[in-house]
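The task is simple: from the sequences and hints, build the whole structure.
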Amino acid sequence: MRFMLSDEQSAIQDMAREVLAAESTFDRVRSAGEERQYDSELWALQRSMGWPGVGVPQRWGGQGLGLVELSVIAEECGYACSSTPLLGNILAATSLVSAASSEQCERYLPSLATGEVRGAVALTADSTPVPDAGEAGLIVVLEGSGGRVSLQPAQPVETIDPTLRYGRVVDPSAGEPLNQSPIAYDSTLVVVAAHQLGLAQRALDLSVAYTSVREQFGVPVATFQAVSHRLAQAHVDLTAARSLVYHAAWAVQVGDSEASASAARAKAWLAEASRTVTGSAIHAHGGIGFTWEANLHWLFKRATMLGPYLGGARQHRSRLLEMLGTAQTTSHETDHS
Amino acid sequence: MDLTLSADELAFRDDFRAWIADHHPGSPPSNVEERYYWRLEWLRELNRGGFAAMHWPSEYGGRGATAMLNAVFFTELARAGAPIPANHIATFMAGPTIMQWGTQEQKERYLAPMLRADNVWCQGFSEPGAGSDLAAVATFAAREGDEFVVNGQKVWTSEAQYAHFCLLVTRTDRSVAQHKGLTYFILDMSSPGITRRPLRQLTGESEFNELFFDNVRIPASSVIGEVGNGWRVAMTTLMHERSMIGAGYGIRLRNYLTVVESHLRAHGLLDDPIVADRFTDLEIRTRALELSALRQISEAQARGSVGSEGSILKLMWSDTYSRLAEFAIETVGPDALEDASGWAWEYLRSRASTIEGGTSDILRNIVADRVLGLPRAR
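Residue numbers (numbering that gives the first Met the number 0), protein chains in the order written: chain E, 0 to 336; chain U, 0 to 377.
Please keep in mind that the hints were generated in silico from the structure rather than gathered at the bench.
Treat each hint with caution, since some may be false.
[To be verified] Short derived list, chain U residues pointing at chain E, Cβ under 10 Å: (1) E225; (2) F278; (3) I311; (4) S359; (5) P374.
[What the hints assert, rightly or not] Chain U is nowhere near these chain E residues, computed Cβ spacing over 12 Å in every case: (6) D26; (7) V207; (8) G306.
[Claimed, not checked] Covered stretches of chain E (in silico footprint by chain U; criterion: 3 or more residues with CB under 8 Å from a CB of chain U, positions within the stretch not fixed): (9) 235–244; (10) 262–270.
Don't be surprised by glycine CBs; every beta carbon is placed ideally from N, CA and C.
Structure (structure tokens):
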């Protein structure tokens, strides 16, 4: 058993972190947010690097990587809080890969993989604003373990997070039906949870850096336990988060019997932890944390918007309980012999 | 990323699973002392099967198991509803400490009897004036020829009522910096001048003891790792203590959670959406602890050393355990608070979880300092 990223997966993470650190600075995020437009330069770069097609099989123009690698990319985009439609494309492509017929895959995946068409994923029974749906040309609407794919535009919605273009599905019954596939929903939950993990991790890292240099009473404020313990607790909560997200990514990828439960746990935990940790980071920065220029609010706002998206904490805990009841056992072995 | 068991791990799991099926110790006695001896007998039984100390090198009777294989061992114990064997202070703390710092003679004399449960060990670290601040140890060992004469007091000594030997940290030099004046001994608990007094804890039981030393003589040959080097030896012991936490504590929590879940289901209590929501949150926390333990084992193996991650697991454990115990008594109803109720016992016992083995406050200091790299207050 090896519960950590492989060398190849770590290399993807390092590459994504490096690219986004240079090309998705908070200055860029802020100007995208203020103009209420995606960072088109960064989106062009992500397209040229093939990121929208990371999880799309090669025969449809993608790179054919798995959910763990997708989660790594999604986490890094959260870490940078980058303002591009990538999340929606990854979600739409991932759900189509598992729920679309091969004819539908042929029709829709190549253009999603290049980013030529922008995608988004919504839930039928949900009026939560859908990230990236505001300008999406293709929307996957999931319902139960089935769903539909539609080319009908969504109704744009202006939200507290102007760094992504949100929208609401106008007619959930539009478009053509997809096959039944629980994996489609599970995969999207993992990707969103990974993105939320990245948002929270960035907020914690910023807080560690700031409180280490910000002085009051003649010493760095991090030397006060009221401050350092808050950050230590955030780290503990994110340790749990990271374990849940990457276990779920692996479990869904290999079709482990715990896959759906694990995806539900990850989304439930991150729906709350991501908002809590980004909110806590605002506090740890003191007054400066409440300012527009401190940039923490971009992380906090997106974490807040993604919390209820595809089902919030309570919904996923309720789903999980049903699954635990069905399994009637809390055995959690990972045996694929 | 591959969470499947390797061929070796799988082969061991199947062997051990079959072995437990034939050697299961049954259900625990209710009396604290009987339960201890029952768990000690379980250690002997495991030793006969070659499972007493998976992580010890084979030359000392272990299997040289990786931390991951050790986790498989604990998972199988939990799956079978078998107890964690007694004498863990010997197998997880004294043994590895003596292997690292002990003389050849000490290794030959002490290690093998630990696994046969012929020697029970306790740990004499904490004192009334040295709790979280271990370097403040005041129990003094004065050199007299080939012996040291010990006077002072220890407290919170688990299992001292059963112990044959004690890992004893003393001050031998008051003239140097606090942590430089410490010396670590193996103390024979049958030595004259030792008084053991059980501490009655708030559950009414006595798991812990006070130890009083009145001119207790220890031969100089019982020093572990040189006079004045006690702080470093003690850190070895504590590192090994926390290395067992991930696997062991995840399992304790899972077992308790399963008991709570059975009760809730049997009484239809999960039909209440608030109860259901709280229970499921606790299930997620428990699974997160189990998974984090596995992840940290993988990372420690890749790095080749144990880090400060044990502190994170212990924080997760004590927090979730306390929440679960509170949830249980709130949910089970008035019967839960009757004196002989197992629910009440867990509830009361859980109050120790954020204190024992490093308080949550000290552990957050460790996470802030060594994991996050924040500037230190001191």
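These are the hints, each one checked on the structure:
| no. | hint | result |
| --- | --- | --- |
| 1 | E225 | violated (34 Å) |
| 2 | F278 | holds (7 Å) |
| 3 | I311 | holds (5 Å) |
| 4 | S359 | holds (9 Å) |
| 5 | P374 | holds (5 Å) |
| 6 | D26 | holds (26 Å) |
| 7 | V207 | violated (5 Å) |
| 8 | G306 | holds (15 Å) |
| 9 | 235–244 | holds (count 7) |
| 10 | 262–270 | holds (count 3) |
Of the hints listed earlier, those the structure fails to meet are numbers 1, 7, in rising order.
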